[in-house]
Amino acid sequence: MAMTDQAADAALAPAAPAHEHEAIEPAGERASWLQVSPLVLVLLLFFGLPMVVVFVVSFFDFERTSIVPAFILDNYIDLFRSEVTLRLYASSLKFAAIVWLVTLVLGFNIAYFLVFHVDSLLVKIGLFLLCTVPFLTSNIIRMISWIPFLGRNGIFNQALMGAGITSQPLEFLLFSDFAVVVAYVHLFTLFMVVPIFNSMARIDPSLLEAARDAGAGRFRVVYEIVLPLSRTGIALGSIFVVTLVMGDSFIVRTMSGGQSASVVSALQNEVAALQYPPAAASAVIMVVIVTLMVAGILRLVDVRKELAR
Amino acid sequence: MRSADGSRPWTFYFFAGLFTLFVLFLYGPMTVIYILSFQGPQGGMTFPMNGFSFEWFDSLFEQKRVGDIAGSFVRSIELAVVVAVITVVLSVLAGLAFRRRFRGSAFAFYLAIASLIMPGLFVGLGIALTFQMIGWETSWYSSGLGAQLTWTLPFGLLIMFAVLGRFDRSYEEAATDLGATSWQRVREVTLPILLPGIIGVALFGFTLSYDELARTALAAGAKNTLPLEIVAMTTTITSPALYAVGAVTTAVSFVVIITALGSIALVQRRRAQKIGGVE
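Sequence order for the protein chains is L and Y.
Mind the numbering: the first sequence is residues 1266 to 1574 in my numbering, read in order.
Mind the numbering: the second sequence is residues 229 to 507 in my numbering, read in order.
Hint data in this document are derived by calculation from the structure and do not stem from the laboratory.
Bear in mind the structure is a predicted one, so any value in this text is a computation, not a measurement.
Note that the Cβ used here is the ideal one computed from N, Cα and C, for glycine as well.
Some clues are possibly wrong.
[Claimed, not checked] Taking CB as the label site, the calculated pair distances span: (1) L:F1443 - Y:N278: 40 to 46 Å; (2) Y:T466 - L:V1388: 40 to 46 Å; (3) L:G1561 - Y:I503: 47 to 53 Å; (4) Y:L494 - L:V1349: 23 to 29 Å; (5) L:I1468 - Y:D286: 49 to 55 Å; (6) L:I1554 - Y:T409: 48 to 54 Å; (7) Y:I486 - L:L1386: 18 to 24 Å; (8) L:R1417 - Y:D296: 45 to 51 Å; (9) L:V1333 - Y:I341: 33 to 39 Å; (10) L:I1363 - Y:T248: 23 to 29 Å.
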């Protein structure tokens, strides 16, 4: 039970420390620094420093197998000149948009069902766990498990032909953009459900009742009350889904059978070819774009302010 | 939300149907690959079942046929245990720190969030480059470990925020009033109350490490962890052996999840009994 709540709250924990109004006392501050420093140190060493290195290396030159310290802009210029890169970005953005829309609609409705239609707390927790457990199992295995479904002789085609709906197996199911989207939705919907669930759980049900008593229809209540009051969860879920899709390379590679690529999977190819500086430049640009997208979402919804309520 | 007469509105059935479909969508494919992993020796990657055998599970132990599954499995378990321990210690400590105001708290918080949403492959790339510049070899137990911590620590911290958000500090104040030293207070009051949450952090630390792929991919060095080995398999193995690996991996995950949830339930039942005994 505690588990469920934690999983739900994890994505929504207040950013601000609990006792904002307290004055800083020197002894307490020293204790806090001691307590937080191991975590900060590990993150600086294995996240902060490596990101700085990526930024620096993006200006380096490279030879066949080695990187040469320099300060050149060629890696960036090549990126922007290449039509392939632009197409990769277009494709990644397309996937992000489709997956965002599908997971949002699914996630919103599932959270709505759990919060407003399931009365018993125990059933609610049970169903919530049912949704979250797959998150703790391997993504790759869950991705692979679509192969027997979507293949040429897979269950889906067998069922369609058995029912007489199609006479020939559909070819587009596996190793296609369709398969990529299915896998993304399968893996990432949870990241929408949990934060939206948490936002909705804070809505006072009497608000909905009042609206209905005042004559608002079902859809109007959802549109004018539930939707605006869930916006923090929607924003957080969107941040998760968008960054996950934009940062993915393994799913798009496996599920498209190598036919589609993403910005990050192209970067992975460059790394495999030991072309580190162009890969680093590509990573820097990607981080800038993802940061802008996240900032855009945060501009629409002030998550920190909402959380502090 | 029921109507006045207690009946369900039609939307309930619509949503219940949608939810059922979603659960099927989540679990259906998984279930199918467990069944298919018992495919007979002549069986293929999809139905029909061509007999029933343990052939594909046996094949996992033959290095020549599927690669180093056993070795990578052991490495992944060892790594996951280490990651879980470090994640618990560091995020519990950091969580406690955030209960007071301190300069730099916003920096620490945003560092963790940035680390969480950074595309994993970039983190791995950065670590690999850093090691290369220093002249160290990357390996699963050094650079790989660090890469996974950039993923599990922010999660652990967020869970601790949620746990501590509901923590009633008056218990600690009572302990102090009764003359407990600060160490006694932490050991005998704070940590026991937080125990279910701490088990939750350990569960996340273990499973997130055990399944991690993107961050580890470029930072693991010469020897693969299990997820990396499985990804390599997807391109080379076209037999139900792939499903057998999936079944074994997921079985391990489920054992860990059930153990963790079971111990949380146990802790809370004991606690309820104790409170009942006192009153």
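Could you tell me which of the hints above the structure violates, numbers in ascending order? 1, 4, 8
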